[in-house]
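Student: Protein chains in written order, with this note's numbering: chain X, 6 to 240; chain R, 83 to 389; chain S, 692 to 916.
Check before you lean on any hint, since a few could be wrong.
To be verified - Derived Cβ-Cβ restraints for the label pairs, each shown as a range:
id: 1; chain 1: X; residue 1: 20; chain 2: R; residue 2: 206; range: 29 to 37 Å
id: 2; chain 1: S; residue 1: 815; chain 2: X; residue 2: 44; range: 49 to 57 Å
id: 3; chain 1: R; residue 1: 271; chain 2: X; residue 2: 20; range: 19 to 27 Å
id: 4; chain 1: S; residue 1: 762; chain 2: R; residue 2: 189; range: 32 to 40 Å
id: 5; chain 1: S; residue 1: 708; chain 2: R; residue 2: 201; range: 41 to 49 Å
id: 6; chain 1: X; residue 1: 13; chain 2: R; residue 2: 170; range: 26 to 34 Å
id: 7; chain 1: S; residue 1: 733; chain 2: R; residue 2: 170; range: 24 to 32 Å
id: 8; chain 1: S; residue 1: 740; chain 2: X; residue 2: 56; range: 36 to 44 Å
id: 9; chain 1: S; residue 1: 737; chain 2: X; residue 2: 44; range: 35 to 43 Å
id: 10; chain 1: S; residue 1: 910; chain 2: X; residue 2: 33; range: 49 to 57 Å
Unchecked claim - Computed footprint of chain R on chain S, listed as stretches where at least three residues anywhere in the stretch have a Cβ under 8 Å from a Cβ of chain R:
id: 11; region: 855 to 864
id: 12; region: 875 to 885
Stated by the list, open to error - Anything over 10 Å on all C-beta distances counts as not near chain X; from chain R, calculated:
id: 13; residue: 147
id: 14; residue: 192
id: 15; residue: 193
id: 16; residue: 206
id: 17; residue: 210
Hint data in this document are derived by calculation from the structure and do not stem from the laboratory. Every residue, glycine too, gets a C-beta built ideally from N, C-alpha and C.
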Amino acid sequence: MDVLSDLVQWLTAPEQWSGPSGIPVRTAQHVWYSLVATAIAAVIALPIGVVIGHIGRGGLVAINLSNLGRALPSLGIIILVFTLVGFGVVPVLVALTALAIPPIVTNSYVGMRSVDRDVREAAEGMGMTGRQVLWGVELPVAMPLIMAGIRTSTVQVVATATLAAFVGLGGLGRYLIDGFAQRDLPQVLGGAVLVAVLSLITELALGRVQTLVVSKGLAERSAEAAVGAKVQKAA
Amino acid sequence: MRRIRLGSAAAAVCLALLVAACGGGDDALQGGDQSGGDQSSVIIGSTNFPEQLILAHMYAAVLEKAGVNVTTRLNLGNREVVFPALEKGDIQLLPEYNGSVLSFLDPDATATTTEEVNTALAPLLQAKNLVALDASPAEDKDGWAVTQETATKYNLRTLDDLKPVAPQLVVGGPAELKTRPAGLPGLKKVYGIPDFKEFKALDPGGPLTISALKNGDIDVARVFTTQGVIADEGWVLLEETKPLAPAQNVVPIGRTDAMTDQVKGALNPLSAKITTEELTKLNAQVDVEKKDPEQVARDWLTQQGLL
Amino acid sequence: MTDGTPPVLAAELVRWSWIGDHLDDIRDALVQHLQLTGLAVLFGMLLAFPLALAAIRWPRLYAPILGFTGVLFTIPSLALFILLIPFTGLQIWTALIGLTMYTLLILVRNMVEGLRGVDRDVREAAQAMGYTPARQLFRVELPLALPVIMAGVRIATVTTIGLVTVTALIGWGGLGQLFLDGFTLNFPTPLIVGVVLSALLAFAADLLLVGVQRGLTPWARGGGS
Numbered sequence: 006m007d008v009l010s011d012l013v014q015w016l017t018a019p020e021q022w023s024g025p026s027g028i029p030v031r032t033a034q035h036v037w038y039s040l041v042a043t044a045i046a047a048v049i050a051l052p053i054g055v056v057i058g059h060i061g062r063g064g065l066v067a068i069n070l071s072n073l074g075r076a077l078p079s080l081g082i083i084i085l086v087f088t089l090v091g092f093g094v095v096p097v098l099v100a101l102t103a104l105a106i107p108p109i110v111t112n113s114y115v116g117m118r119s120v121d122r123d124v125r126e127a128a129e130g131m132g133m134t135g136r137q138v139l140w141g142v143e144l145p146v147a148m149p150l151i152m153a154g155i156r157t158s159t160v161q162v163v164a165t166a167t168l169a170a171f172v173g174l175g176g177l178g179r180y181l182i183d184g185f186a187q188r189d190l191p192q193v194l195g196g197a198v199l200v201a202v203l204s205l206i207t208e209l210a211l212g213r214v215q216t217l218v219v220s221k222g223l224a225e226r227s228a229e230a231a232v233g234a235k236v237q238k239a240a
Numbered sequence: 083m084r085r086i087r088l089g090s091a092a093a094a095v096c097l098a099l100l101v102a103a104c105g106g107g108d109d110a111l112q113g114g115d116q117s118g119g120d121q122s123s124v125i126i127g128s129t130n131f132p133e134q135l136i137l138a139h140m141y142a143a144v145l146e147k148a149g150v151n152v153t154t155r156l157n158l159g160n161r162e163v164v165f166p167a168l169e170k171g172d173i174q175l176l177p178e179y180n181g182s183v184l185s186f187l188d189p190d191a192t193a194t195t196t197e198e199v200n201t202a203l204a205p206l207l208q209a210k211n212l213v214a215l216d217a218s219p220a221e222d223k224d225g226w227a228v229t230q231e232t233a234t235k236y237n238l239r240t241l242d243d244l245k246p247v248a249p250q251l252v253v254g255g256p257a258e259l260k261t262r263p264a265g266l267p268g269l270k271k272v273y274g275i276p277d278f279k280e281f282k283a284l285d286p287g288g289p290l291t292i293s294a295l296k297n298g299d300i301d302v303a304r305v306f307t308t309q310g311v312i313a314d315e316g317w318v319l320l321e322e323t324k325p326l327a328p329a330q331n332v333v334p335i336g337r338t339d340a341m342t343d344q345v346k347g348a349l350n351p352l353s354a355k356i357t358t359e360e361l362t363k364l365n366a367q368v369d370v371e372k373k374d375p376e377q378v379a380r381d382w383l384t385q386q387g388l389l
Numbered sequence: 692m693t694d695g696t697p698p699v700l701a702a703e704l705v706r707w708s709w710i711g712d713h714l715d716d717i718r719d720a721l722v723q724h725l726q727l728t729g730l731a732v733l734f735g736m737l738l739a740f741p742l743a744l745a746a747i748r749w750p751r752l753y754a755p756i757l758g759f760t761g762v763l764f765t766i767p768s769l770a771l772f773i774l775l776i777p778f779t780g781l782q783i784w785t786a787l788i789g790l791t792m793y794t795l796l797i798l799v800r801n802m803v804e805g806l807r808g809v810d811r812d813v814r815e816a817a818q819a820m821g822y823t824p825a826r827q828l829f830r831v832e833l834p835l836a837l838p839v840i841m842a843g844v845r846i847a848t849v850t851t852i853g854l855v856t857v858t859a860l861i862g863w864g865g866l867g868q869l870f871l872d873g874f875t876l877n878f879p880t881p882l883i884v885g886v887v888l889s890a891l892l893a894f895a896a897d898l899l900l901v902g903v904q905r906g907l908t909p910w911a912r913g914g915g916s
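Chain X with its partners taken away, still in its complex shape:
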């Protein structure tokens, strides 16, 4: 197919790989927006999810509030913040952070709650303080789910960071918007492929991190089964 060969040509052309509008620079920008947004989101969302999960109260409120966050349209937020603040990174970071918060809050909360009551009582019976239970027992058990939340967030953010191009910034979305405006289909395709690949790499890389971070005694399966049951109950 012509389109495919055009695409390959575009991807392999040397000018694509150098300069301020080259693939490396744009990928770096894209990764930067995504990482910063997810990091800010994690800093905000993790404490909330973990603390509420630890206390065991306010869960419903937290989950519903974060669901509300999921309902906010990213493009709208970007444009809105741009109109208020002007040209720059802020609109994009605000929108992406808002997008990244809900999965982290929800998963952290559910993860913390999935610790068996018996296990918690046993730990308390052993004389562990609340804080020790939190760090020594609950967090390790909740880790698979917390990591799953961070993974989901990050992948979503990477896919959505394409919108940064809409307000004149860089990132891989630039190829989509510019290609669209210039009627350059190979450019659009190239951008799409690059974002898809980046999303997949992110997903896989975080999967690796997850295996490293989850303590050996806990199989991911049992935690996922717990989630499955929780999801069915919560849904």
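With the hints as your guide, set chains R and S onto chain X.
Tutor: This is chains R and S only, laid out in the frame that chain X set:
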């Protein structure tokens, strides 16, 4: 099991309502009348900057007054997106600029004056089942603006002055500026201006470009000569000593089968009255005073006795 | 990356008169948004169902089906819409095909997981009772799989409501059109109206679907939420 039946029934009712809403003649879902058979209805489209919205609302208002059924699908994107929609029949009428359409359809065209452009354009349009109605005296040309500070610093008054300093400057405009004949390629070909330091793809003289020029994120901005913000900000429009783009008269372009005598009878008198000064004033009302384009269009039409 | 003077005065944040003048446009945008979402989820369900059944019947198909729909999901929505334009133009099909592709992944995954989650004992009991496979499917397995399927429908619906706004970039965005208008005119009111309404819409749709689910699965109610 009865509960499931009830639930399914409820779901079915919801679906039925949804489908009914679809077929309810609501023009929200109507894509367009591709057969163009119904001669007293027109779908008006527009590209994505305020002047287009004003013009489209003007067309809509006078057509409605003439008894034509009007649907508007505005703010759709740039010409590269919207013109093919016209060719396909998804929309039937566009406010356009004769020179730009000529370059779009024939990048090698050499016509420059209004008459030459119109003559060259007619057969190209006919081949696509399109026709241009009467053109207005009003012209909206592409302009290149710099801030007062930049103009003073690099001694810029005409486009020729850009030649020695371009590699130090960042230029911003819509993404298509990179490829359009009247854009960066044109600067190179006609004025011999070398590549700029960087090209930032923003928007057609819209909020991104304006904001970027104000903040110094770009040094040179592609704007429209009729934009109110230029005067408002005290920007300098670099003079064109050699024609970069041909004449750019505002002209309605529509599908031949939709441009009935009724439609022409309504739009031609309107086009005759649109001048560059009037258009610039209207743009300022929307750009600077933030008035609503439809309201601005209607008020002006009433003033002109067309409504 | 400088932040210059804000392009718009804060005092003009919401021009209520604009809202009053444009109620028609707002209503049209809302209706279009609902129609696009409803149709996308509906088509998604219609397509996902046979795919899910195939994945159950021939388990080897599951991985490729999941893989294929998964890849579709990573394609940025903007790109998908743009790529469809040369084929389907600015008609509604461009938007619908793109939107449906995204609901497809979520729905297939949840349908398969839901159906698989039905206890083998229950299935065997039904077989023992002489249920035909079709009857078994509709009378036993689907109802039991409903919570997980509905969870998928909820996620798909809320996601689609968000995606429809991106569709505005190709002319079919429902409330997203309000964003674009606010952007082109550099005027926050339509923007704020669009953002608030789409958030409310997603929230309301979610609540509605929870209600539908409770209605369809009364036996699950005792299990806490």
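Student: Now, for every hint given, state plainly whether the structure supports it.
Tutor: Verification of the hints:
{"no.": "1", "hint": "X:20 <-> R:206: 29 to 37 Å", "in the structure": "holds, 33 Å"}
{"no.": "2", "hint": "S:815 <-> X:44: 49 to 57 Å", "in the structure": "holds, 50 Å"}
{"no.": "3", "hint": "R:271 <-> X:20: 19 to 27 Å", "in the structure": "holds, 20 Å"}
{"no.": "4", "hint": "S:762 <-> R:189: 32 to 40 Å", "in the structure": "holds, 37 Å"}
{"no.": "5", "hint": "S:708 <-> R:201: 41 to 49 Å", "in the structure": "holds, 47 Å"}
{"no.": "6", "hint": "X:13 <-> R:170: 26 to 34 Å", "in the structure": "holds, 29 Å"}
{"no.": "7", "hint": "S:733 <-> R:170: 24 to 32 Å", "in the structure": "holds, 27 Å"}
{"no.": "8", "hint": "S:740 <-> X:56: 36 to 44 Å", "in the structure": "holds, 41 Å"}
{"no.": "9", "hint": "S:737 <-> X:44: 35 to 43 Å", "in the structure": "holds, 41 Å"}
{"no.": "10", "hint": "S:910 <-> X:33: 49 to 57 Å", "in the structure": "holds, 53 Å"}
{"no.": "11", "hint": "855 to 864", "in the structure": "holds (count 3)"}
{"no.": "12", "hint": "875 to 885", "in the structure": "holds (count 4)"}
{"no.": "13", "hint": "147", "in the structure": "holds, 34 Å"}
{"no.": "14", "hint": "192", "in the structure": "holds, 23 Å"}
{"no.": "15", "hint": "193", "in the structure": "holds, 23 Å"}
{"no.": "16", "hint": "206", "in the structure": "holds, 18 Å"}
{"no.": "17", "hint": "210", "in the structure": "holds, 16 Å"}
Consistency note: the structure conflicts with none of the earlier hints.
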